[in-house]
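Protein chains: 2
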Amino acid sequence: MAELLSGTLDLLVLRVLNSGPLHGFGIGERIHVLSREALDVEEGSLYPALYRMEAKGWIESEWGQSERGRKAKLYSLTRDGRSQLETERENWNRAALAIRDILDNA
Amino acid sequence: MAELLSGTLDLLVLRVLNSGPLHGFGIGERIHVLSREALDVEEGSLYPALYRMEAKGWIESEWGQSERGRKAKLYSLTRDGRSQLETERENWNRAALAIRDILDNA
DNA sequence: AACAATTACCTCGACAATCTAGGCTTCGCG
DNA sequence: CGCGAAGCCTAGATTGTCGAGGTAATTGTT
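In order, the protein sequences belong to chains A and B. So in the numbering used here the end of the first sequence lands on 106, straight run, no missing numbers. So in the numbering used here the end of the second sequence lands on 106, straight run, no missing numbers.
Just so you know, these hints were derived from the structure itself, not from any lab. Careful, some of the hints might be misleading.
Stated by the list, open to error - Covered by chain A, according to a simulated footprint, are these stretches of chain B (three or more residues, beta-carbon under 8 angstroms): (1) 5 to 16; (2) 32 to 39; (3) 83 to 97.
Glycine included, every Cβ here is placed at the ideal spot set by N, Cα and C.
Please put together the full structure from these sequences, using the hints given.
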């Protein structure tokens with residue numbers, strides 16, 4: 001439930017990782033909580049997204065431990081990832097504003 | 001050029017038609033102009049979207065004339081379409097707010 | 001009259017992102 | 001010991017969008 005806006009997942013993941021390294025499961029939790037339960041990232045979407053982003057060089061991973069002491073793959077932003085975050089943030093702002101315009105003024 | 005947020009096309013079309021009947025080509029133009037060139041709906045996306053929405057009973061069509069006097073298929077909102085517009089508008093507002101939360105507070 | 005550009009609609013195939021629905025291992029706790 | 005939660009993974013189906021084509025009618029231009 002609680003559908004996710006298509007195409008915004010990368011942006012959200014980048015933004016979360018910009019606050020510090022985190023593992024996949026934790027990223028999903030974080031998005032869920034920060035959105036006050038409004039967004040729910042399915043694992044079947046999240047993990048493939050992480051691989052795509054790693055393949056593009058926006059994030060990198062290493063095995064470590066979660067905050068609960070479990071084995072976990074920790075992702076962190078690369079320099080390219082930080083730059084990509086800014087690009088996608090601007091794209092989002094522009095698109096969201098445009099949609100706002102239409103909803104209000106059409 | 002000028003990518004469209006995936007999944008928002010229906011909302012935009014419904015919103016434009018809420019201001020009065022219009023033909024497909026005109027809907028695309030209207031979205032383009034109202035968004036101040038920020039959004040560009042490709043015809044390959046628009047027409048299939050119109051058929052989907054008509055099949056779902058949100059809009060209906062009849063052949064008539066465009067404002068330029070050309071033959072055109074005029075679409076208008078149905079009662080279900082108006083209700084769907086409100087639903088999607090709320091979904092959008094909720095999602096956009098949630099994403100704003102994450103971008104600002106993550 | 002001939003021609004190009006514009007308006008307007010249509011469709012097919014490719015592609016990308018998401019979801020469903022499974023399955024796996026490890027660990028903590030009662 | 002057993003169970004549930006934490007955490008990762010993947011295959012398949014679905015869906016939405018786009019690119020690139022095409023057609024027909026009309027308007028404007030030469």
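Verification of the hints:
Interface restraint, the segment 5 to 16 of chain B with chain A: holds (8 residues with C-beta to C-beta distance below 8 angstroms; minimum three). Coverage of the segment 32 to 39 of chain B by chain A holds. Counting CB-CB distances below 8 angstroms, 5 residues qualify, and the rule asks for three or more. Given as covered by chain A, the segment 83 to 97 of chain B passes the check, having 7 residues with a CB less than 8 angstroms from a CB of that chain where 3 are the minimum.
When each numbered hint is compared with the structure, no violation occurs for any of them.
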